[in-house]
Amino acid sequence: MTITVLFLSLVFFMFIGVPVAFSIGVATLCAMLVQDLPVIALAQKILTGVDSFPLMALPFFLFAAELMTGGSLSDVLLRLASVLVGHRRGGLGYTNILGLTFFSGLSGSALADAAGPGAVLIRMMRQSGYPPSYAAALTATTAVVGPIIPPSIIMIIYALQDPRVSVLGLFWAGILPGLLISGSLMIYNGWTSWKRNFRADGEPATLTIILSSTIKALPALGLPVLIIGGIHSGAFTPTEASVMAVAYSLLVGRFVYGTLTMAMVPKLLARSAYTTASILLIISVSSGFAWVLNVVQIPQALAMWVGTLELGPIGFLFVVNILLLLFGIFIEPLPGVLILVPILAPMAVALGIDPTHFAIVVIVNLTLGMITPPVGSLLFVTGMVAKVSMSELNKELWPMLAIQMVVLAIITMVPAVSLTLPQWVGRI
Amino acid sequence: MNASPPFTLKKLDHWILSVNRSLMITLLGVMSVIIFVSVSIRYLSDYSIPWAEEVSRYLMVWLMFLGIGPVMRLGGHIAIDTFPKILSRTSAVILRAIIALIIGAFFMTLLWVGWLYMQKTISQSTAVLEISFAWVSASVPIGFALALWHGVAIAVPYVKSGTYETSDDLNIDEVGAI
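Protein chains in written order, with our numbering: chain B, 1 to 428; chain F, 1 to 178.
Same shape as in the complex, but just chain F (with noise of 0.2 Å):
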């Protein structure tokens, strides 16, 4: 248990990972108090809170692309696996290499993208807080970055042997069962 380099990138690991999950909660928790509040002084005085729906929903759209990645690490996005399952264990090995390829493809476009939308909407405000649109669509850019560096971190038990990083955060059965 020295202080070597993966050790070290363990660490970075996992620091990255509960910063994006207690950002995630943090979210979720902060969109449910605005509306909340927002609702019951509607009902309780004449006032009602003006930017309460434009920053709640600009919060869901942060915990979406935020979620792409630690939602990934425990194989929470369903996919249908009839067809890797019939295959033998070495051409299953093959055909997640080719997967993780095709979704690290897609991440990496998508970063790329989502940089040159979030420079294109710096100069765009927002309708009601006006301040710069950047703010949201930066959201693009950094969930794919994210995503990429969790994909990385379990791409090697993923390839070798089809298995993801397991809590209790997440059943991955009960995942778009809805």
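Next up, chain B with everything else stripped away, as it sits in the complex (with noise of 0.2 Å):
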């Protein structure tokens, strides 16, 4: 009755329109009045659920990304990735690839991937004449692997929902898949370019250009060693190395390339202070329905009825990846895991899957819900930018969207693109 009530209420809600993090906080408190729980304990749940040091690198990681926009750290990126592929034919589509992927070894999540050098990329493509949409297709697409090559705060949160996998874990086993994805698209972008005759961009960089723009990208390509370095060596916790790359990006940007200026502080101050007070109320409420879900010992009764399906561990991957499909659609990657990973990870561990494995490919899976049409934010951002309809959008985007799915596929059935690094540097 309970759980009825729950998920019902949560649909409902979420249907109608009413924002998601109230949808979640108003379908708990129906079900705790149902289940005759004291009301009193929600404050309390959402409360406790973002009294979490761990969770404090969220904000410190989009701070991190405002400062590192603001002060240009990823401009000399895209210079370099322009430097070293740029001169081929649709060189800057793979300027576009590279250079987001380099990025996301800087930044958390796809949202700063595609709002800060994507955006950039957009507005390059399009004054060399490649079709805007194409443009925004791909620039979407490439952002995913924004909080799948880390730092990533998706598998912070994720860390924090499921004791059995540890946030270095995850980050060594995002790495492969996450180059996996650019590599598709490397491929993809080179077909269409030659099918579509797109024209190269100037002349092959000679040795000093590259030197001279790998010198200069040195000090924007030095914070991942920072970030995983410093979280690997045991130097710095996740949280103390967000904050060391706020600081990180604030001296770079102020005082060896001399974009970021203080005045420019406080605006992304507020900005970050907005993403991240909207993120956390998602966060927050959701701790309030795991709580629920756990009263009425739903994750318990799921894993053991799962158990006795004899799906098989290929067999539940499945099943769980066409429901995260489905799901993600219309949810967005936080909610997702916040909602269905205290539900689905200890049937994974039930199937004896192992569950690095299982999170990432249920944060690949969830990612790339964000560039399913029709209700895909990451559509939505580049779209705006390349200041093109989703429907022309959506003609470019099925053929990547097609072999991002054959790149899930791969990840789900072949642990090993997930575990060898993990387990090459002994972090599971």
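One thing to keep in mind: the hints can contain errors.
[Claimed, not checked] Covered by chain B, according to a simulated footprint, are these stretches of chain F (three or more residues, beta-carbon under 8 Å):
no., stretch
1, 15–27
2, 134–143
[What the hints assert, rightly or not] Chain B stretches covered by chain F per the calculated footprint, using a threshold of three residues with CB under 8 Å from any CB of chain F:
no., stretch
3, 4–16
4, 39–45
5, 132–140
6, 182–193
7, 306–320
[Stated by the list, open to error] Among the chain F residues that face chain B by a calculated CB cut under 8 Å, a handful are:
no., residue
8, 30
9, 35
10, 50
11, 55
12, 57
13, 61
14, 63
15, 64
16, 77
17, 82
18, 86
19, 113
20, 153
21, 154
22, 170
Since the hints were made in silico from the structure, they are not lab data. Given the structure is predicted, the values throughout are model-derived calculations rather than measurements. Backbone N, C-alpha and C define an ideal beta-carbon position, used for all residues, glycine too.
Make the complex out of the two chains shown on their own, each in a separate frame, by following the hints.
Here you go:
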């Protein structure tokens, strides 16, 4: 009864357009009344749900990404990418993919990739005569690597939902799947450029130019080393590494590249604070939701039930992927992880699936939900920058989306893609 | 432009929003500085600031509750608009009125239980600083009271036309796309 009320009211409120955070809150409230739980506990749960030191990496990584874009750390990375691959046919397409892949080693979110350097790339591609809808679709799809290649905000939040995985393990596990996504897009861009006769941009760069661009980009490229190296060596916790990323981007933007001024900082703080508050609220009410789920023993019951189905790990992963893709059409990765992981992760473990592999499958799948029409937040961002309609964008998008489905299938079927690196460095 | 009552109310609203926004900026700034200084000191000396983690956690809690209202003014709480989009103009106005009432009822409930929760925690104290936990839990009723204020401030244009205030503090299409 309680569980029916919880899920039906959640679906109903979200469907009629109540913001996701309030839908989760109201549904939880309804279920608590039915279950006769003291309502005051909701106030306590939503407070303690965000009273977490590991979660503090979220505002800091968001702030760091604002500082990097403000301090043009993204620009030097784009220039390096352009020097390396820009002279080929379809060069700006390659620059787009390579530049965003570099940047995803600095940023923790797809949003930061698409809205920061992604927007710059779309304008560059449009000016050079690429179809704007191709530029928008390519940027949205490439931005998916933002939360897959570390650092990653969604991985930090995932690790808080499932005690069987570690942030560091997930960070290592995301690298190869992220490169697989970028690589597949590189091949597709090559094929499209050949078929549609996209032009090449300029001459191959000389060794001197390559060297000088690399040297210029070194301070920016030092950041992922600082973050991953710092966490890996045990020098920093992920939260401490995120605040070091803030300090590093501030210093590099201010003193090395000189494009960041102190007058810009309050505005960048405000933008990060607003985004932080809106994301934290969803996390906060979701912890109330998860608490009610646990009171009525739902995850435990479902894990036992799925054990009796004899699906086998592959069958289960297949079902989960379909479920998440359907879910991801409407829901952002964040509520997806918060609502579904407490239910699905115990089932996966009961079937003998490696929790880190499962985490990567869930994260890649839900992140692809950000580029599945009709409601994909990345599509809105890039479509707006490119000034193209959703239907034009979708025409260019679907082959890329199809390729990403193949990549998702590979990541699902071959655990080694996710697990090789973390096992090699001994982190799972 | 006489100093009529609505004008005064507008001024008060403007003032509340700007104080609220400044507090959010300050909280995030102070959090960053506290953790940065605490990590730096730990590496430069044997000393570590014992209260750094606790204080910054509580600042983040305050940041979230203070942010509910200002984020809502800009339409920054992500929602699924597939269904509302297919409605006729009149039905959409009615639907938005219903949504506004649901959110209003939710805020009032949380204001009330938050107030009860705060009173219950006055006698509890925090682990490190040993101050009353009410300093933290007060963020719940205060946050939802402010959210109620901000909600009322934008309710009419929202219900009428589905529009929010605009500011480059937040791009509504970007929120949630983490």
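Worksheet item: Minimum Cβ distance from residue 77 (chain F) to chain B below 8 Å?
Response: OK, holds: residue 77 (chain F) within 8 Å of chain B, min 4 Å.
Fill in: Evaluation of the interface hint that places residue 82 (chain F) against chain B, nearest CB under 8 Å
For residue 82 (chain F), the interface hint holds, since the closest Cβ of chain B sits about 6 Å away, which is under 8 Å.
Practice prompt. Let me know if the C-beta of residue 170 (chain F) comes in closer than 8 Å to any C-beta of chain B, holds or violated.
Written response: holds (4 Å)
Fill in: residue 113 (chain F) as an interface hint toward chain B, with CB separation required under 8 Å
holds (5 Å)
Item to complete: Answer holds if the nearest beta-carbon of chain B is closer than 8 Å to that of residue 61 (chain F); otherwise answer violated.
Response: holds (5 Å)
Discussion item. Please check whether residue 55 (chain F) passes as an interface residue: C-beta within 8 Å of a C-beta belonging to chain B.
Written reply: Because about 11 Å separates residue 55 (chain F) from the closest Cβ in chain B, which is outside the 8 Å limit, the hint is violated.
Worksheet item: Under a C-beta cut-off of less than 8 Å, do 3 or more residues of the stretch 306–320 of chain B approach chain F closely enough to confirm the stated coverage?
Response: The restraint on the stretch 306–320 of chain B is violated, since only 0 of its residues have a Cβ under 8 Å from chain F and three are required.
Worksheet item: For the stretch 134–143 of chain F, do at least 3 residues have a Cβ located nearer than 8 Å to some Cβ of chain B?
Response: holds (count 4)
Worksheet item: Does the interface hint hold: is residue 153 (chain F) within less than 8 Å of chain B, judged Cβ to Cβ?
Response: violated (16 Å)
Practice prompt. For the hint on residue 30 (chain F), just tell me whether its beta-carbon gets within less than 8 Å of chain B.
Written response: violated (10 Å)
Practice prompt. Closer than 8 Å, Cβ to Cβ, for at least three residues: run that test on the stretch 182–193 of chain B against chain F and report holds or violated.
Written response: violated (count 0)
Worksheet entry | Cut-off 8 Å, beta-carbon criterion: hint that residue 64 (chain F) touches chain B | For residue 64 (chain F), the interface hint holds, since the closest Cβ of chain B sits about 4 Å away, which is under 8 Å.
In summary, the numbered hints that this structure violates are 5, 6, 7, 8, 10, 11, 18, 20 and 21.
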